[in-house]
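Chain by chain, the residues:
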Amino acid sequence: MSGTEARLARVRGRALPRSHNARTIAALAANPGCARRAIMDAAGVDKQRIAAYTGYPAPFGQSRFALARGTAFEAQVKASGAAGLLTLLREHLDLPIPEAHYDDLNDVGGNTDLTVRYAATRQKLATAVTSAADAGTMFDHPLLRLEVGGRHAFLEPDLIAFQLRGRFHVVEIKSFAVIDGQADGDKVAQAAIQSAVYVLALRQALAGHGVAPETVADETILVCPKDFSSQPAATSVDVRKQLTVLRRQLSRIARIDDLLGQLPPGLTLDLDPDGAGVPQRKPAGLAAAIRAIDARYAPECLNTCEMCFLCRDEARGTTARLGRAAREELGGVEDVPAVLRLARGEHRPEEEGDLAEAAALLRSAAALRAEILGEAV
Amino acid sequence: MGEPVVELERRIAALRTALRMAALAGEKEQARALRAELRAAERAWDDLLAEDEAGAGAERPAGTAESPAGTGEGARVTERPGALMPLREQVHEALSLLTVPAAPRLLAAVHEAFFASSFPTARVTSLKRDEERSFRLAPYARPYYICAALAADRLAPSRGLLAVSTWPAERRMIGSLSPRVDFLVSAIRVADAIGRLPAGSLPADRLLRRFAANIPGVPVHSATVDLRMVVQAAQAELEVHQAADSRVRRAAARRVRELDDVQQLFGARFGEERVSG
Chain A
467 MSGTEARLAR
477 VRGRALPRSH
487 NARTIAALAA
497 NPGCARRAIM
507 DAAGVDKQRI
517 AAYTGYPAPF
527 GQSRFALARG
537 TAFEAQVKAS
547 GAAGLLTLLR
557 EHLDLPIPEA
567 HYDDLNDVGG
577 NTDLTVRYAA
587 TRQKLATAVT
597 SAADAGTMFD
607 HPLLRLEVGG
617 RHAFLEPDLI
627 AFQLRGRFHV
637 VEIKSFAVID
647 GQADGDKVAQ
657 AAIQSAVYVL
667 ALRQALAGHG
677 VAPETVADET
687 ILVCPKDFSS
697 QPAATSVDVR
707 KQLTVLRRQL
717 SRIARIDDLL
727 GQLPPGLTLD
737 LDPDGAGVPQ
747 RKPAGLAAAI
757 RAIDARYAPE
767 CLNTCEMCFL
777 CRDEARGTTA
787 RLGRAAREEL
797 GGVEDVPAVL
807 RLARGEHRPE
817 EEGDLAEAAA
827 LLRSAAALRA
837 EILGEAV
Chain B
93 MGEPVVELER
103 RIAALRTALR
113 MAALAGEKEQ
123 ARALRAELRA
133 AERAWDDLLA
143 EDEAGAGAER
153 PAGTAESPAG
163 TGEGARVTER
173 PGALMPLREQ
183 VHEALSLLTV
193 PAAPRLLAAV
203 HEAFFASSFP
213 TARVTSLKRD
223 EERSFRLAPY
233 ARPYYICAAL
243 AADRLAPSRG
253 LLAVSTWPAE
263 RRMIGSLSPR
273 VDFLVSAIRV
283 ADAIGRLPAG
293 SLPADRLLRR
303 FAANIPGVPV
313 HSATVDLRMV
323 VQAAQAELEV
333 HQAADSRVRR
343 AAARRVRELD
353 DVQQLFGARF
363 GEERVSG
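If you're matching them up, the sequences are chains A and B in order. Here my numbering is used: position 279 in the first sequence is 745, and no number is missing along the way. Here my numbering is used: position 269 in the second sequence is 361, and no number is missing along the way.
Quick caveat, the hints were computed from the structure, so don't treat them as lab data. Here the structure is a predicted model, which is why all the values come from computation and not from measurement. Careful: at least some of the hints might be erroneous.
To be verified - Here chain B is said to cover these stretches of chain A; the calculated rule only asks that three of the stretch's residues, wherever they fall, bring their Cβ under 8 Å from a Cβ of chain B:
#, segment
1, 554-564
2, 792-802
Claimed, not checked - Derived, one-sided and incomplete: chain A residues facing chain B with beta-carbon distance under 10 Å:
#, residue
3, Gly510
4, Gln514
5, Arg515
6, Ala518
7, Thr520
8, Gly521
9, Pro525
10, Arg530
11, Gly550
12, Ala601
13, Leu737
14, Asp740
15, Ala742
16, Lys748
17, Pro749
18, Ala750
Think of the CB as a built atom: it goes at the ideal place given N, C-alpha and C, for glycine as much as any other residue.
Model the full assembly from the supplied sequences, consistent with the hints where possible.
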């Protein structure tokens with residue numbers, strides 16, 4: 467283990483490590499085959515900074531205004547012992563009136579150390595299940611842990627609600643509006659997969675105390691501002707599908723050791739800062755080091771990964787850049803010129819097999835296109 | 093202004109120099125990369141400064157207009173009576189009305205509703221620190237202190253809640269049901285206070301509505317919220333929680349007496365509380 471740690475530290479260089487969070491796990495699970503992302507995340511590399519340094523600054527990142535709005539909305543919902551949220555839960559889960567406990571897990575007696583908070587969270591939640599007495603309804607900012615690619619990542623859901631006769635529900639507070647019952651599909655999907663990450667982590671945390679996984683509901687609660695007001699509204703989100711996907715993807719994320727084994731031995735993404743913190747490394751050299759790690763680009767990366775522009779540039783001329791659906795349709799042929807050669811019949815695969823089949827399909831597609839448009843491809 | 097800002101400034105200066113050198117040497121790629129670094133550093137500097145500003149703004153008096161008014165302009169005083177009072181007295185007034193521990197934001201809203209002046213909540217953080225310092229220097233020299241509410245399990249200061257030192261200890265203990273109980277008590281106190289007002293006021297009405305919306309059994313969609321209904325509904329729910337809550341609070345209050353005087357009022361830090369054994 468220490469060998470892996472040392473290797474990852476070398477990849478990261480002298481910069482401070484960044485840790486996984488629900489967002490990065492969700493992004494990783496969306497593209498589990500990407501070694502570049504897996505290694506950079508495992509090493510805790512500041513991808514935003516590296517991407518900007520190599521000349522491919524990420525198109526996103528959370529805006530300061532969005533963060534402020536999110537924080538303000540969460541504070542509003544959680545004000546006065548989460549009174550607003552309690553009302554929503556009572557309406558939504560038929561929470562009995564005596565269930566009005568509120569436990570603040572943001573710190574443990576003023577201590578915000580992650581390990582201490584994690585231990586306190588586990589103990590509190592386990593007591594809530596096992597003890598007969600009322601022992602908690604709302605847990606504010608519990609701290610959970612999930613193993614990703616052989617390393618632990620700490621996670622902090624907005625809130626976990628526990629219903630006496632029922633189960634734990636993960637509550638996610640988001641500041642995007644639900645207007646007339648409709649919300650931005652992408653944002654809901656992202657919130658759903660984040661919630662699924664929390665559900666999984668919560669199940670793992672409780673498993674250590676002999677609590678069955680079903681105790682954590684696979685239906686999570688999304689709290690958003692309603693219409694054009696700042697009035698909160700709750701919606702149930704079924705994350706069963708996301709959970710299946712996530713579990714499968716997490717198990718497929720190759721063990722980080724195997725990935726590290728394939729890297730050139732001295733590889734590092736260090737910016738080589740001098741005494742004053744000015745990076746001395748040549749951007750081209752850094753980009754070359756990044757390219758030494760295999761990436762699997764898909765257009766979806768543009769929504770989730772800071773390295774996306776670099777990878778997209780690298781993937782020029784490949785079928786991957788056309789999206790997963792197109793890539794599969796094209797019969798697994800890797801680059802666009804090869805596809806065109808097959809379609810034009812300039813290249814006819816000798817042996818029978820997938821390639822020959824793809825070639826036949828492409829040729830007939832080209833013929834159809836020529837017939838309709840009256841010109842050759 | 094903290095050390096990190098100075099550190100960042102040094103880094104920004106170094107980055108600028110490096111950028112100029114790279115540009116002069118015609119190393120376009122390096123220059124572009126350094127420009128990205130510089131921009132990130134400048135953004136971090138902006139953020140840090142904004143934080144410091146928020147903190148420093150808290151030290152200044154609430155408004156410039158009030159400060160020279162101390163000479164005794166009678167008309168002005170009656171117009172905005174609360175504005176001339178020190179922050180700790182404003183907080184004390186609001187806490188005394190609610191009779192339970194509360195967060196700065198709620199206290200500011202209460203003060204605005206009933207004492208016709210509000211205060212910036214950012215200043216309250218430093219108030220608590222000042223109170224603790226003053227208590228450490230000369231214990232019990234003041235008739236009351238604005239102090240912390242304590243989490244019942246570890247007797248550490250409960251995040252963001254303020255209380256008054258002269259209250260019985262158990263009222264300052266916060267168990268897991270206490271936030272709800274205190275919310276309901278606050279609702280009743282606010283409704284009572286509105287009943288005593290000679291005429292309705294918009295901030296008071298808004299405050300009551302905020303409470304009423306989160307108490308089951310109070311219709312809030314009508315033009316006016318029925319005060320009696322709020323009190324009744326709050327009392328009904330209070331009855332459900334009160335016994336369990338006071339058990340926890342009383343037990344914690346017994347333990348808190350074993351702490352030293354400062355810890356009793358401002359809370360034990362993690363690891364310190366073992367004094368009680």
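Verification of the supplied hints:
1. 554-564: It holds: at least three residues are needed, and the segment 554-564 of chain A offers 3 whose Cβ sits within less than 8 Å of chain B.
2. 792-802: With 0 residues in contact (Cβ-Cβ under 8 Å with chain B), the coverage given for the segment 792-802 of chain A is violated.
3. Gly510: This hint is violated: Gly510(A) lies away from chain B, its Cβ roughly 17 Å from the closest one there, beyond 10 Å.
4. Gln514: holds, 8 Å
5. Arg515: Arg515(A) check passes; min Cβ-Cβ to chain B is 6 Å, inside 10 Å.
6. Ala518: holds, 4 Å
7. Thr520: holds, 7 Å
8. Gly521: Holds. Min distance 6 Å.
9. Pro525: violated, 14 Å
10. Arg530: Holds - the Cβ of Arg530(A) comes within 10 Å of chain B, reaching about 8 Å at its closest.
11. Gly550: holds, 6 Å
12. Ala601: Status holds, d = 8 Å.
13. Leu737: holds, 8 Å
14. Asp740: With a closest approach of 8 Å, the Asp740(A) hint holds.
15. Ala742: holds, 3 Å
16. Lys748: holds, 6 Å
17. Pro749: holds, 4 Å
18. Ala750: It holds, given that the least Cβ distance between Ala750(A) and chain B is near 6 Å, below 10 Å.
The structure fails to meet hints 2, 3, 9 from the earlier list, while all remaining hints are met.
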